[in-house]
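A.B. asks: Residue-level listing of the chains:
Number of protein chains: 2
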Amino acid sequence: MEKYKKEMDYSYTFGIFPTFELINNKPECVIKIMIHEKLKITDDTKKLISICKEKHIEIEYCTKQIEKIVDKENTLIVGVFKKYTSVLQQNSNNVVLVNPSDMGNLGTIIRTCLGFNIKNIAIIAPCADIFNPKTIRASMGAIFSVNIKIYNSFYDFQNQFSNNNYYSFMLQATKSLQSLTKEDKKLPFSLIFGNEGSGLDKNFLDIGQSIIIKHSKNIDSLNLPISVSIALYEFSK
Amino acid sequence: MEKYKKEMDYSYTFGIFPTFELINNKPECVIKIMIHEKLKITDDTKKLISICKEKHIEIEYCTKQIEKIVDKENTLIVGVFKKYTSVLQQNSNNVVLVNPSDMGNLGTIIRTCLGFNIKNIAIIAPCADIFNPKTIRASMGAIFSVNIKIYNSFYDFQNQFSNNNYYSFMLQATKSLQSLTKEDKKLPFSLIFGNEGSGLDKNFLDIGQSIIIKHSKNIDSLNLPISVSIALYEFSK
Chain A
878 MEKYKKEMDY
888 SYTFGIFPTF
898 ELINNKPECV
908 IKIMIHEKLK
918 ITDDTKKLIS
928 ICKEKHIEIE
938 YCTKQIEKIV
948 DKENTLIVGV
958 FKKYTSVLQQ
968 NSNNVVLVNP
978 SDMGNLGTII
988 RTCLGFNIKN
998 IAIIAPCADI
1008 FNPKTIRASM
1018 GAIFSVNIKI
1028 YNSFYDFQNQ
1038 FSNNNYYSFM
1048 LQATKSLQSL
1058 TKEDKKLPFS
1068 LIFGNEGSGL
1078 DKNFLDIGQS
1088 IIIKHSKNID
1098 SLNLPISVSI
1108 ALYEFSK
Chain B
878 MEKYKKEMDY
888 SYTFGIFPTF
898 ELINNKPECV
908 IKIMIHEKLK
918 ITDDTKKLIS
928 ICKEKHIEIE
938 YCTKQIEKIV
948 DKENTLIVGV
958 FKKYTSVLQQ
968 NSNNVVLVNP
978 SDMGNLGTII
988 RTCLGFNIKN
998 IAIIAPCADI
1008 FNPKTIRASM
1018 GAIFSVNIKI
1028 YNSFYDFQNQ
1038 FSNNNYYSFM
1048 LQATKSLQSL
1058 TKEDKKLPFS
1068 LIFGNEGSGL
1078 DKNFLDIGQS
1088 IIIKHSKNID
1098 SLNLPISVSI
1108 ALYEFSK
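Note that the protein sequences, when read in sequence, are chains A and B. First residue of the first sequence: 878, per this note's numbering; consecutive thereafter. First residue of the second sequence: 878, per this note's numbering; consecutive thereafter.
Hints are supplied without guarantee of correctness; some may be wrong.
Pairs count within a copy or across copies, as identical chains cannot be separated in the list.
Straight-line distance between alpha carbons at most 27 Å, and here's what the computed DSS-like set of lysine-lysine pairs gives [stated by the list, open to error]:
no.: 1; residue 1: LYS996; residue 2: LYS917
no.: 2; residue 1: LYS1026; residue 2: LYS941
no.: 3; residue 1: LYS923; residue 2: LYS1063
no.: 4; residue 1: LYS930; residue 2: LYS917
no.: 5; residue 1: LYS882; residue 2: LYS924
no.: 6; residue 1: LYS1079; residue 2: LYS883
no.: 7; residue 1: LYS1062; residue 2: LYS959
no.: 8; residue 1: LYS880; residue 2: LYS1091
no.: 9; residue 1: LYS883; residue 2: LYS949
no.: 10; residue 1: LYS903; residue 2: LYS1094
no.: 11; residue 1: LYS923; residue 2: LYS1094
no.: 12; residue 1: LYS1062; residue 2: LYS1114
no.: 13; residue 1: LYS1094; residue 2: LYS960
no.: 14; residue 1: LYS1052; residue 2: LYS1062
no.: 15; residue 1: LYS1079; residue 2: LYS909
no.: 16; residue 1: LYS1062; residue 2: LYS924
no.: 17; residue 1: LYS1114; residue 2: LYS941
no.: 18; residue 1: LYS932; residue 2: LYS1079
no.: 19; residue 1: LYS1079; residue 2: LYS1011
no.: 20; residue 1: LYS924; residue 2: LYS1011
no.: 21; residue 1: LYS1091; residue 2: LYS883
no.: 22; residue 1: LYS1094; residue 2: LYS1026
no.: 23; residue 1: LYS1059; residue 2: LYS959
no.: 24; residue 1: LYS1094; residue 2: LYS949
no.: 25; residue 1: LYS924; residue 2: LYS1063
no.: 26; residue 1: LYS945; residue 2: LYS903
no.: 27; residue 1: LYS1114; residue 2: LYS882
no.: 28; residue 1: LYS941; residue 2: LYS1062
no.: 29; residue 1: LYS1094; residue 2: LYS1011
What the hints contain is simulated information worked out from the structure, not anything from laboratory work.
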């Protein structure tokens, strides 16, 4: 066990909450649970230990190991899991993130998607590391309840979801989210968002319906997790 | 000049973007602009320097000073400004944050408020430090374009805005944001949100109309900046 690196074929959940999400939703990927000697026995930790026993998940008491790999001092529970790949459900409503670069944003978006019942997320590479513990922490473990597939190009995504209704979110769009009627929001949908800094390339103006979330001229743009969340809210109404 | 501390009566903007917002919107509070020797002359930096001259703002070239106070190595421009207080406009639509604790969240919310033309923000103490450079950075300088007033209690806020229509966002509410009609969203409004972890106290169920943003059972709650943004979107439609 060493400090997390992208190249590793395993990763970590730091803290009890994402570790619960891991063992409940992806028990087959868990390698072991590590516990720090300072961990206090509470109802939550008892529950965690009992689920581990029930699912035959190894528990290791290894304070030094934990201190070697965590990034915050007060992390007393660490889950170790094998990285895995997922497939997206055909004909699903989904969110497409083109080149997202910030792990905190990515985790927040994953969690909000789950909050609006979007369980299929496509990510176009290059992109932030979905399995970095920072992404997992920002998702609060929601990452283990959704399907995420990384595509090398948007074209690859299109091939699988040629029947979806595409909505490209970009500042150059003329149609506003605010003006969409119920009929404009067609299922199954793919809501497409660009990189934090550069947004979607202007080619996306020709891909499906381009949409802008109207905002005041006092700011350049809404930030990415905010835009995705507002779009999810509107499309799930 | 020393590393930022809450007790200081001045603070910093780190980087060119928030520094622009500072000198354009609160020139009377600027003490000076500090420039690192590695700063490259671009159109943006030329523009910044020219605005400083025009507004008689002192520019200091002081590499070591900057390196002593910044938290990220590549910060080459720092604005130094005196902290100030603001008053909220009477009868304004506003957002009320009760005990927000995270500076990143606070900055993101300030920026999103400005994005939806809400320029009056009430914060009920105790709360995160609005002038910490982290808050300013997360707001991308939007903090200099809005009025923020810190109240010691919600009661103090109510005294000033007794005619506003209150909407308390909380998980215990029965009325959903999604179900509000145009008539339900009365002006001027105060959208009230609780702390990141604990939300609003249940006493707020009796303050104005309590509202829940309906989400799936797969997550406990939407995060604070996401909730505020969705509410602002809906109320500004």
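A.B. asks: Would you mind marking each hint as holding or not holding in the structure?
C.D. replies: Comparing the hints with the structure gives:
no.	hint	result
1	LYS996 to LYS917	neither (34 Å within a copy, 45 Å between copies)
2	LYS1026 to LYS941	neither (35 Å within a copy, 46 Å between copies)
3	LYS923 to LYS1063	neither (46 Å within a copy, 48 Å between copies)
4	LYS930 to LYS917	within (18 Å within a copy, 60 Å between copies)
5	LYS882 to LYS924	neither (30 Å within a copy, 41 Å between copies)
6	LYS1079 to LYS883	neither (31 Å within a copy, 44 Å between copies)
7	LYS1062 to LYS959	neither (38 Å within a copy, 49 Å between copies)
8	LYS880 to LYS1091	neither (43 Å within a copy, 39 Å between copies)
9	LYS883 to LYS949	both (19 Å within a copy, 23 Å between copies)
10	LYS903 to LYS1094	between (45 Å within a copy, 18 Å between copies)
11	LYS923 to LYS1094	between (53 Å within a copy, 24 Å between copies)
12	LYS1062 to LYS1114	both (10 Å within a copy, 17 Å between copies)
13	LYS1094 to LYS960	between (43 Å within a copy, 26 Å between copies)
14	LYS1052 to LYS1062	both (12 Å within a copy, 24 Å between copies)
15	LYS1079 to LYS909	neither (46 Å within a copy, 40 Å between copies)
16	LYS1062 to LYS924	neither (43 Å within a copy, 44 Å between copies)
17	LYS1114 to LYS941	neither (49 Å within a copy, 54 Å between copies)
18	LYS932 to LYS1079	neither (49 Å within a copy, 38 Å between copies)
19	LYS1079 to LYS1011	neither (31 Å within a copy, 33 Å between copies)
20	LYS924 to LYS1011	within (25 Å within a copy, 37 Å between copies)
21	LYS1091 to LYS883	neither (37 Å within a copy, 36 Å between copies)
22	LYS1094 to LYS1026	between (35 Å within a copy, 23 Å between copies)
23	LYS1059 to LYS959	neither (42 Å within a copy, 50 Å between copies)
24	LYS1094 to LYS949	neither (39 Å within a copy, 29 Å between copies)
25	LYS924 to LYS1063	neither (43 Å within a copy, 46 Å between copies)
26	LYS945 to LYS903	within (25 Å within a copy, 46 Å between copies)
27	LYS1114 to LYS882	neither (40 Å within a copy, 44 Å between copies)
28	LYS941 to LYS1062	neither (53 Å within a copy, 55 Å between copies)
29	LYS1094 to LYS1011	between (33 Å within a copy, 24 Å between copies)
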